[in-house]
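Asks: Here is what each chain is made of, one letter per residue.
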Amino acid sequence: MNKIPNSNSDNGVRSTEDRPPSAPRWVKVSGIIVIILVLLLAILKITGIGGNHGPGRHISPTEQGVKQP
Amino acid sequence: MIMKPGLRKMILTLHITSSVGWIGAVVGFLVLVVATLSNQDAQTVRAAFISMELIGWFAIVPFAVASLISGLVMSLGTKWGLFRHYWVLFKLLLTILAIVVLILNMQTVSFLASIAIEKGNVDPGGSLGELIHAGGGLLVLLVTTILSVYKPRGLTKYGLRKHLGQSSEL
Numbered sequence: 001m002n003k004i005p006n007s008n009s010d011n012g013v014r015s016t017e018d019r020p021p022s023a024p025r026w027v028k029v030s031g032i033i034v035i036i037l038v039l040l041l042a043i044l045k046i047t048g049i050g051g052n053h054g055p056g057r058h059i060s061p062t063e064q065g066v067k068q069p
Numbered sequence: 001m002i003m004k005p006g007l008r009k010m011i012l013t014l015h016i017t018s019s020v021g022w023i024g025a026v027v028g029f030l031v032l033v034v035a036t037l038s039n040q041d042a043q044t045v046r047a048a049f050i051s052m053e054l055i056g057w058f059a060i061v062p063f064a065v066a067s068l069i070s071g072l073v074m075s076l077g078t079k080w081g082l083f084r085h086y087w088v089l090f091k092l093l094l095t096i097l098a099i100v101v102l103i104l105n106m107q108t109v110s111f112l113a114s115i116a117i118e119k120g121n122v123d124p125g126g127s128l129g130e131l132i133h134a135g136g137g138l139l140v141l142l143v144t145t146i147l148s149v150y151k152p153r154g155l156t157k158y159g160l161r162k163h164l165g166q167s168s169e170l
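Chain order of the listed sequences is A and B.
For the first sequence, the numbering used here begins at 1 and goes up steadily by one.
For the second sequence, the numbering used here begins at 1 and goes up steadily by one.
Hints may be right or wrong, so weigh each one.
Cross-link-like lysine-lysine pairs, in silico, PhoX-like; alpha carbons within 20 Å at most [claimed, not checked]: (1) B/Lys119 - B/Lys9; (2) A/Lys28 - B/Lys157; (3) B/Lys151 - B/Lys9; (4) A/Lys28 - B/Lys4; (5) B/Lys9 - B/Lys79; (6) B/Lys119 - B/Lys4.
It should be emphasised that the hints constitute simulated quantities derived from the structure, not laboratory data.
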């Protein structure tokens, strides 16, 4: 059993000369999901599909001069 | 600096309690959001929004901050470290993200509560927005819980350097 988690070496001998192990698959998959979600939010924001965000979103035009959060 | 076992258990108890409390408070908040969506009675909607504001500021936010602080102390005071393991790093980032969104969203909740007090009803989009925010928050908290329980393996580059450094000292 290798002592280094996720080590690429398969001979059971630890070596500092080995290339550092890459990130585990769950980290890569999670990273891709995060990137997709960020891009999705950015697209929603840029295109304006999601509308305004924050308290101002719930103010009707007639109230805007009266009520500010 | 590694904490002594007694102190570690005390901080761990605080961390678990605040994290579980955070999840419970969000579930309570969600129940009230659903009540505002499914009920048109002005008194019920008004009461629900007032309660949502109170739960948000006096239960969810304090539990969230306590969870973050106790988590930081736990990671820095144990062998896990803050940047050594991917699962700890992910938990930290998700917790910070959740707290930032929470604080920003609480401005909206307070605003909606003031509208509800005045009018007895709010824009349905407001309740729907709260459903999305609270639901998303609960999902993030479930992910952090899963990370804490399963502790998926994987050292960061920093963690690997530390691991190799400690091994060479032995």
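Asks: A separate judgement is required for each hint: does it hold in the structure or not?
Replies: Hint check:
Our distance criterion of 20 Å between C-alpha atoms is broken by B/Lys119 and B/Lys9, whose separation comes to about 49 Å. The suggested pairing of A/Lys28 with B/Lys157 holds, with an alpha-carbon distance near 14 Å, which does not exceed 20 Å. With a C-alpha separation of about 18 Å, the suggested pair B/Lys151 and B/Lys9 falls inside the 20 Å cut-off, and the hint holds. A distance of roughly 35 Å separates the Cα atoms of A/Lys28 and B/Lys4; the hinted pair therefore is violated under the 20 Å criterion.
Distance restraint check for B/Lys9 and B/Lys79: the Cα-Cα separation of roughly 14 Å lies within the 20 Å cut-off, and the hinted pair is therefore satisfied. Simply put, B/Lys119 and B/Lys4 have alpha-carbon atoms about 55 Å apart, too far for the 20 Å limit, and the pair is violated.
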